[in-house]
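Residue numbers (this note's numbering), protein chains in the order written: chain A, 3 to 118; chain B, 211 to 316.
Hints are computed from structural coordinates only; laboratory data are not their basis.
From a predicted model like this one, the values you see are computed outputs, not experimental measurements.
Beta carbons: idealized from backbone N, C-alpha and C, even for Gly.
Mixed in with the good hints, there may be bad ones.
Here's a subset of chain A near chain B, in silico, CB distances under 7 Å, partners left out [claimed, not checked]:
(1) G44
(2) P45
(3) F47
(4) L93
(5) T104
(6) F109
(7) G110
(8) P111
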Amino acid sequence: GAGVSQTPSNKVTEKGKYVELRCDPISGHTALYWYRQSLGQGPEFLIYFQGTGAADDSGLPNDRFFAVRPEGSVSTLKIQRTERGDSAVYLCASSPSLAASTDTQYFGPGTRLTVL
Amino acid sequence: EDQVTQSPEALRLQEGESSSLNCSYTVSGLRGLFWYRQDPGKGPEFLFTLYSAGEEKEKERLKATLTKKESFLHITAPKPEDSATYLCAVSNQFYFGTGTSLTVIP
Numbered sequence: 003g004a005g006v007s008q009t010p011s012n013k014v015t016e017k018g019k020y021v022e023l024r025c026d027p028i029s030g031h032t033a034l035y036w037y038r039q040s041l042g043q044g045p046e047f048l049i050y051f052q053g054t055g056a057a058d059d060s061g062l063p064n065d066r067f068f069a070v071r072p073e074g075s076v077s078t079l080k081i082q083r084t085e086r087g088d089s090a091v092y093l094c095a096s097s098p099s100l101a102a103s104t105d106t107q108y109f110g111p112g113t114r115l116t117v118l
Numbered sequence: 211e212d213q214v215t216q217s218p219e220a221l222r223l224q225e226g227e228s229s230s231l232n233c234s235y236t237v238s239g240l241r242g243l244f245w246y247r248q249d250p251g252k253g254p255e256f257l258f259t260l261y262s263a264g265e266e267k268e269k270e271r272l273k274a275t276l277t278k279k280e281s282f283l284h285i286t287a288p289k290p291e292d293s294a295t296y297l298c299a300v301s302n303q304f305y306f307g308t309g310t311s312l313t314v315i316p
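Taking the hints into account, I'd like the entire structure generated from these sequences.
Below, the structure is given as structure tokens:
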């Protein structure tokens, strides 16, 4: 069966540009999570959706970062005015139920973002 | 704020040499402690969830245990294919440790 997919797998951009990263969760999963992971670090939480709404966006580092999930399935993470410090692997995960705190999360392979 | 500390940062074992990885945590109201495996270039893969002190779970050569302050991932007679980074996370799964990079040498 299809797992979580993320596109693109790699994205290289220039400082100051706008980027969009896409996540396709497992079909039927209600919860969706975004993390970013720097080399040698664990995933850092960014935002979590239940259905179409952001249930917790406390991990977004600043207002340059924004995420949407308009139909409760695909999600897009948007980064404005990219900075070199935004370079990282951006991971998406989904889980099947409303009990997000105890659900198993299924991760995608990530999008590697490089800001030159 | 919930915090997770993993040790050691890196571990090299000979094939068959058993050992343990540690995950120490501080959290207000633990809802669960989660272990994941991550291979290079891939997303984390779920291994175990532990909910209360004293709980243990096993899968093949791996066994996870939980106390009120820490969790251990015991690896018995590891094989080279067990080489990976092992991550733990607590509470809403939003707080991950930095991981232990395990290398098993044939």
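Evaluation of the provided hints:
no. : hint : in the structure
1   : G44  : holds (3 Å)
2   : P45  : holds (5 Å)
3   : F47  : holds (4 Å)
4   : L93  : holds (5 Å)
5   : T104 : holds (5 Å)
6   : F109 : holds (3 Å)
7   : G110 : holds (5 Å)
8   : P111 : holds (5 Å)
The structure fails none of the hints (numbered hints given earlier).
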